[in-house]
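Q: Residue strings, one per chain:
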Amino acid sequence: MIWIDTIIQGILLGGLYALFASGLSLVFGIMRLVNLAHGDLIVMGAYLILVLVTLLGISPFIAVLIAMPLMFVFGYVLQKHLLNRTLGDDILPPLLVTFGLSIALQNALLEGFSADSQRLPTNALTTASLDIGPITLGVMPLLTFGSAVLVIVGLNQLFYRTELGRAFRATSDDAITASLMGIKPANIFATATGIALVIVTIAALYLGLRANFDPNIGPARLIYAFEAVIIGGLGSLWGTLLGGVIIGVAQTLGAAINPEWQILSGHIAFLLVLLIRPRGLFPRASD
Amino acid sequence: MSILSLQSVSKSFGALTVTNDASFDVPQGQALGIIGPNGAGKSTLFNLITGNIRADQGSIHFEGRDVTKVSAMERCLTGIGRSFQIPQPFGKMTVYENLLVAATHGRNMSEAAVRDDCAEVLERTELIAQANRPAGQLSLLERKRLELSRAMATQPKLLLLDEIAGGLTEGECQALIRTIKDIHAQGVTIIWIEHVLHALTSVVERLLVLDFGKVIGLGDPEEIMASREVREIYLGIDV
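Heads up: the protein sequence lines correspond to chains H and C, in order. Using the working numbering, the first residue of the first sequence is number 2, and each one after it goes up by one. Using the working numbering, the first residue of the second sequence is number 38, and each one after it goes up by one.
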C-alpha cells in the first residue's frame with residue numbers, strides 16, 4: 002500500500018514539474034529559444050508573490066492574480082527588447098544571454114532578499130488532506146496537478162482554437178513567411194514569453210507553498226523542467242506533463258528507498274528514457 | 038491608370054547589379070508576364086515590389102502612392118500579394134488554417150470576419166476537399182494551389198506569381214492556368230514570372246524580358262517572342 006501511495010504522491014509532484022516545464026516548452030516550441038534563466042524566473046515569481054503577500058497582507062492565491070499580469074509585462078518587455086536581439090541562425094547568443102540573465106537575476110534576488118530561505122504563508126487549505134480509502138492525498142498537491150492539467154489544456158486550446166494560436170504556430174513554422182502574411186514575429190515572440198511567464202508565476206505559487214526557496218534554487222528547477230520537456234519530446238505539451246510525472250514518480254520512489262536518492266533517481270529516470278527514446282516519448286514529426 | 042509603376046529602380050548586392058535601371062508601368066487589371074534567363078534578376082524584382090528588399094535607387098509607386106520605403110507588411114496590407122517559387126506553406130497547419138492566418142493578418146481583420154472568404158477562395162482554387170489536411174502532406178499541384186489560395190486570401194489588388202507552373206505535368210499545368218485565368222477575370226492585376234512559356238502566354242497580355250537586371254523588351258507577347266534580341270538572349274538561339 003505504501004508503494005501505491007508513493008507513486009500517487011510522485012504523480013502529483015509531476016504536476017509541479019510540468020508547470021516548471023510548460024513555459025520552457027512554449028518558448029522553445031515557438032522561437033527555438035532555450036531560456037537558461039527559466040528557473041530563476043520561477044524563483045523571481047515566488048519572491049514577487051511573497052512581496053505582494055507581505056505588503057498587502059493578502060493570501061498567496063490572490064497575490065498570484067496580481068503577479069500574473071506583472072510577470073506578463075516583464076516577459077513581454079524582456080523578449081521584445083533583449084531576447085529578440087539574440088535570435089538568429091546561431092544558437093549560441095541566446096544561450097549566453099539567458100545564462101547571463103540567470104546570474105544577474107540570482108544576484109539581484111540575493112541583494113534584495115538575502116540568502117535566507119523564505120516560504121509563502123500557508124493556511125488551513127494548504128495543509129488540508131483528503132482520505133480516499135487507505136490513501137491520503139494533500140489538497141495542495143492535488144491543486145498543483147489540477148493547475149498543471151488546466152494550464153496544458155488552456156495552452157492547447159490557445160494553440161489550436163484561436164487566432165493568436167495560429168499566429169504562434171505559423172511563426173514557429175516559418176517566421177519569414179509569416180511576416181510576409183502580415184504577422185510581426187517580434188510581437189508574437191514577446192507575447193509568447195509573456196504567456197510563459199504567466200505560467201511561471203503559477204509554478205512559483207506552488208513552489209513557494211510546497212517548500213522553502215532562496216535565490217539560488219533556480220538552476221535546479223531549470224534542470225527538472227528541461228528533463229520533463231525532453232522526456233516528453235520537444236514541443237509536445239502533454240508529453241511535458243508525462244515527463245514531469247515520470248521524474249516526480251522516480252524521485253518519490255527513490256526517496257522511499259533512501260531519502261538521499263530522491264534527486265539522483267529523477268536524473269537516472271531521465272537518462273534511461275533518453276537511452277531508450279533519444280527523441281523523447283512524443284517527438285514532433287520533424288525538427 | 039497604372040496600379041504599379043517602377044522608375045529607374047536599381048539594386049546591387051556588393052559588386053553584382055541584380056536590377057539595373059528598371060522602369061515599367063502595369064495598368065490596372067492587366068496580366069504581365071516576366072521572362073528572362075536564370076539569374077536575370079526576376080525574383081529580385083519581385084522582392085523589390087513586395088518590399089522584402091529595398092531599392093538602392095529609383096522609386097516604386099503602388100496605386101499612385103510612393104511605397105519605395107514602405108515595409109513588406111504594410112505593402113501586403115495595401116494589396117500586394119505573392120506566391121513563392123518554392124511553395125512555403127505552414128506544413129503543420131491545415132490548408133484552411135494556412136488561409137486563415139494569411140487572411141486575418143494580411144487584411145488586418147478578425148478570424149470570424151474572414152472565415153467565409155477563405156472557404157470561398159478554397160472553392161475557387163479547387164482545394165476545398167483538402168481544407169482540413171495538414172499542408173505538409175499536399176501534392177505538388179495542391180501546394181501550388183495553396184500558394185495561390187494563400188495569396189488570394191489577402192484579397193490582393195496586385196498578385197505576384199513566381200514560377201507557379203514549374204514542375205507540374207501538362208494536365209496539372211492546364212488546371213492551374215484555368216484557376217489563374219479565373220482570378221484574372223475578376224479584375225486582379227497579375228505579374229507572373231514563368232519559365233513555362235505556353236502557360237504564361239495563354240494568360241498574359243503583355244510580356245517583359247529581363248536580362249542581367251535590365252529590361253530589354255516590353256510589349257505584346259507574340260511580338261516579343263518573335264524578336265531577334267529575345268530569341269538570342271533568352272532562348273540562346275544563335276540567329
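Hints in this document: simulated from the structure, not taken from any laboratory. One or more hints might be untrue.
Cross-link-like lysine-lysine pairs, in silico, DSSO-like; alpha carbons within 27 Å at most [claimed, not checked]: (1) C:251 / C:129; (2) C:106 / C:218; (3) H:185 / C:194; (4) H:81 / C:129; (5) C:194 / C:251; (6) H:81 / C:106; (7) C:129 / C:106; (8) H:185 / H:81; (9) H:185 / C:218; (10) C:251 / H:185.
Just so it is clear, the structure is predicted and the values come from calculations on it, not from any experiment.
Q: Confirm or reject each hint.
A: Status of the hints after comparison with the structure:
1. C:251 / C:129: Roughly 40 Å between the alpha carbons, so the hint for residue 251 of chain C and residue 129 of chain C is violated.
2. C:106 / C:218: violated, 32 Å
3. H:185 / C:194: Holds - the C-alpha atoms of residue 194 of chain C and residue 185 of chain H are around 22 Å apart, at most 27 Å.
4. H:81 / C:129: Status holds; Cα separation ~26 Å.
5. C:194 / C:251: Given pair residue 194 of chain C, residue 251 of chain C holds - Cα atoms ~26 Å apart, limit 27 Å.
6. H:81 / C:106: Holds: residue 81 of chain H and residue 106 of chain C sit about 24 Å apart, inside 27 Å.
7. C:129 / C:106: Roughly 34 Å between the alpha carbons, so the hint for residue 129 of chain C and residue 106 of chain C is violated.
8. H:185 / H:81: holds, 11 Å
9. H:185 / C:218: violated, 32 Å
10. C:251 / H:185: violated, 34 Å
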